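Chains Y and B are the protein sequences, given in the same order. Residue numbers for the first sequence follow my numbering, so the first one is 10 and each next one is one higher. Residue numbers for the second sequence follow my numbering, so the first one is 62 and each next one is one higher.
Possibly wrong hints are sitting among the right ones.
As the list claims (entries may be wrong) - Stretches of chain B that chain Y covers, calculated by requiring three or more beta carbons in the stretch to come under 8 Å of a beta carbon on chain Y:
id, segment
1, 151 to 163
2, 222 to 228
Claimed, not checked - Example chain Y residues on the side facing chain B (calculated, C-beta under 8 Å, incomplete):
id, residue
3, P250
4, S365
5, V368
To be verified - Non-contacting residues of chain Y with respect to chain B, defined by C-beta distances greater than 12 Å in every case (computed):
id, residue
6, L36
7, G47
8, P89
9, F216
10, M243
11, I256
12, E295
13, A306
14, S308
15, L313
16, P322
17, S323
18, D334
19, F389
No lab work stands behind these hints, which were simulated from the structure alone. Given the structure is predicted, the values throughout are model-derived calculations rather than measurements. C-beta: ideal position from N, C-alpha, C; glycine also.
This is what each chain is made of:
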Amino acid sequence: MSKKGNNSIDTKEELNTTLSEEGIGLLGRFLRGRIWYGAEWYFAVAGATVLIAILLMTLFAPVLAPYDPNGFVAAPFIPPGGGHQLLIVRDSDANNVNIDSLDQQVFGVIRNKNGDKVARELTDSITRYGDLDALALALAAGEVDFAFVDELDESMIPLSVNNLTIVVRGMGTSFPLGTDNLGRDMVSRVIWGARTVMSVALLSALFSSTVGITLGLISGFMSGLVDRVLSLTMDSLYSFPGLLLAIAMVAMLGPGMINVAVAVSVIYIPTFFRVVRGQVLTIKEELYVDAARSLGAKSSSILLEYILPNVIPSIVVVFSINIADAILTEAGLSFIGLGLPPDIPDWGYDLSKGHSFLVAGHWWLITVPGVLITLVSLSFSMLGESLSEILNPRLSDQ
Amino acid sequence: MSDRLRKYILVRLLLTIPMLLILVSIVFVVLRVLPGDPALAILREGASEEQLDAFRASMGLDKTIPEQYVEFLSGAIRLDFGESMTRDRLVIDEIKTFFPATVELALYSMVVVAGMGIISGAYAAKNRKSPADYTIRVASIVLYSIPIFWLGIMFQMYFGAQLGWLPVFGRLTSGNVPEVSITGLYTIDALITGDFDLFIDAIKHLVLPAMTLGLVLGGAFARLTRANMLVVLEQDFITAGRARGITERALVYRHGLRNAFIPIITILGLQFAALLAGAILTETTFSWPGLGRLVVDRIFDRDFTTVQASILFFAIVVAGINLLVDILYGFIEPRIRY
């Protein structure tokens, strides 16, 4: 876009950025991109922003996650926004507990006074081990106190322990995304899950790009029989339903992060291969490649120093879209039950577990991981799409 | 049929052989050559050495890799997949039972993909750079970023559980069994036999799975339609038509779309592999008794023969569809030749 012939300058700000062509810093050049590229720039920035946030989350998972993602930290099925544990005990055989004032019709609330830790431990011991002595002790020691409520509302989940019906309810802000069916904190699971998802996606993209680019360079550069065989193989692989191949591979290799990454990576090798091969075929006819060859450059240096650098913009685009797809495939594998071992927190796994509790109305179990998978995959797609428009404007439909 | 067309079809047919060979080989490598041990994968840890050996012998896994490969290949060519390890029947019969469900789901999803993709893609191309164009483009990216099973669950939750409009599991209401099976596609069978109630029941069960699968792939398809339409709309005959005063609407939807149709149909055919991959997850979500679900179920049943055969069968179907699309392409587009 030329400086003078541009009649789309209509705000002062745009005028300023356009006029001060020289001497503007990196930030200035970055911001000016929105005038050059329009909507694509906004897509790219939006995608990149989400991704940076997710990457930070991934890197600082141990600091950010409030609880152990595999720890049973609270009562199960606390809805989002639920927090400090309130235990409501309806007594049918009060002898076990030191609460004489309770009868069958009365619901009592046990309030937590000294932070949520005590109440959490109490809930844990009651719901998981049926241990009511701890509650009695805590009451006696004054760590928790007791109040009555008139009736149960929807947020209270009754559990049967010994002869008592215990009702558990969450309140406050300790569990912004609630807890899952085992009483694990969803926020912590989501944060640690991001680490898993990103690792698998990045690893698999690295695998497939390494293999795909190498084979694509060789195939495009050598032509002849090697090219034909490689192309046909890649075309066949490309036409095969990728998820099915990944399912077969994981079923054979067994669960595990590396195995899943390898299985997912096989699907995208042909994509890298096709793009790189196509580019090499065009670039190797360029004059500067001819010139290098006539000056006596070796084949390997032509390939690596003259051709490869020109292929990189397309690779960046494919890489980004590949990650978007790999995230979905990994989630799909986990959903089927073939992904990672259950002790690794993973969005796809949480989603498939949550599916069975949907009927009971625990919607957040599937909503939270589902939204996150979509968001991350979407960000990578948007980044890839807009980069492709920005880096290769002639290839796109502009 | 001209000589050139005949030659094209012949070459394409011959090319299917190496392609099929490669696909079968890929499946073989995954199932037999990769470091995983099928015997251990099927019998799990704790199986005694004798049990493992017996399994290997029964599956022919004790032979050398080249011997296994020859056996594998000849089995695939003759469509002889052996007997199921968990059900008392031939694997090919199992596939015959489950495959029609996948075909039916795929066909109706294809209708959703084509309908939604072509209409919104053409509209976006007509109104390029308008808010509608950007909305359609963003919506299509969002659609294919959604995990397909999650979209399915959301549909189940809303249209099934909340509103109670549509069934969320299976192909028919339980207890409703079609009396005759001609094609295995319940809707087609119902139409042939004139069983209207069966038809309605089958369609009701199809709506949610077909919408789920169709919407996710329809997003990608809308983008491809848009790109192809843009190429067509820049051609001279469109400008000429505009000069003659043909309305913009007629130019785009009548003249433009007709000319963009060939690449669009080709892409639709090639999307079939993606459709089958999506069908695996859709079938799992909706308990749809198709081939994808057969694979997944039998992996957990440790039924190695069925899993192996189903995956091989998928490969053969994909090769067949690619062949079909290419031959059709040869008929529609006379310029393409090898």
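Comparing the hints with the structure gives:
1. Counting residues of the segment 151 to 163 of chain B whose C-beta sits closer than 8 Å to any C-beta of chain Y gives 0, which falls short of three, so the coverage hint is violated.
2. Counting residues of the segment 222 to 228 of chain B whose beta-carbon sits less than 8 Å from any beta-carbon of chain Y gives 1, not enough to reach three: the coverage restraint is violated.
3. About 4 Å separates the beta-carbon of P250 of chain Y from the nearest beta-carbon of chain B, less than 8 Å, and the hint is met.
4. Proximity of S365 of chain Y to chain B is violated relative to the hint, the smallest CB-CB distance being about 11 Å (cut-off 8 Å).
5. Interface restraint check for V368 of chain Y: the shortest CB-CB distance to chain B comes to about 7 Å, inside 8 Å, so the restraint holds.
6. Every beta carbon of chain B lies more than 12 Å from that of L36 of chain Y, the smallest distance being close to 26 Å; the non-interface claim holds.
7. Distance to chain B contradicts G47 of chain Y as a non-interface residue, since its nearest Cβ pair spans about 9 Å, not more than 12 Å.
8. No Cβ of chain B comes within 12 Å of the Cβ of P89 of chain Y; the nearest lies about 16 Å off, and the non-interface call holds.
9. Even its closest Cβ contact with chain B, about 14 Å, leaves F216 of chain Y beyond 12 Å, as expected for a residue assigned away from the interface.
10. Not every beta carbon of chain B lies more than 12 Å from that of M243 of chain Y, the smallest distance being close to 9 Å; the non-interface claim is violated.
11. Residue-level check failed: I256 of chain Y sits 7 Å from the nearest beta carbon of chain B, not beyond 12 Å.
12. Interface exclusion of E295 of chain Y from chain B stands, the closest Cβ pair being 25 Å apart, more than 12 Å.
13. The Cβ of A306 of chain Y lies farther than 12 Å from every Cβ of chain B, with a closest approach of about 35 Å, so its non-interface assignment holds.
14. Taking the minimum C-beta to C-beta distance to chain B, about 28 Å, the non-interface status of S308 of chain Y holds against the 12 Å cut.
15. Under the 12 Å C-beta cut-off, the non-interface status given to L313 of chain Y relative to chain B holds; the minimum distance is some 29 Å.
16. The claim that P322 of chain Y is not at the interface with chain B holds, since no C-beta of that chain comes within 12 Å of its own (minimum 19 Å).
17. Annotated as non-interface, S323 of chain Y keeps its C-beta farther than 12 Å from every C-beta of chain B; the closest such distance is 17 Å.
18. Residue placement check: D334 of chain Y does not keep its beta carbon more than 12 Å from all beta carbons of chain B (closest about 9 Å).
19. Residue placement check: F389 of chain Y does not keep its beta carbon more than 12 Å from all beta carbons of chain B (closest about 8 Å).
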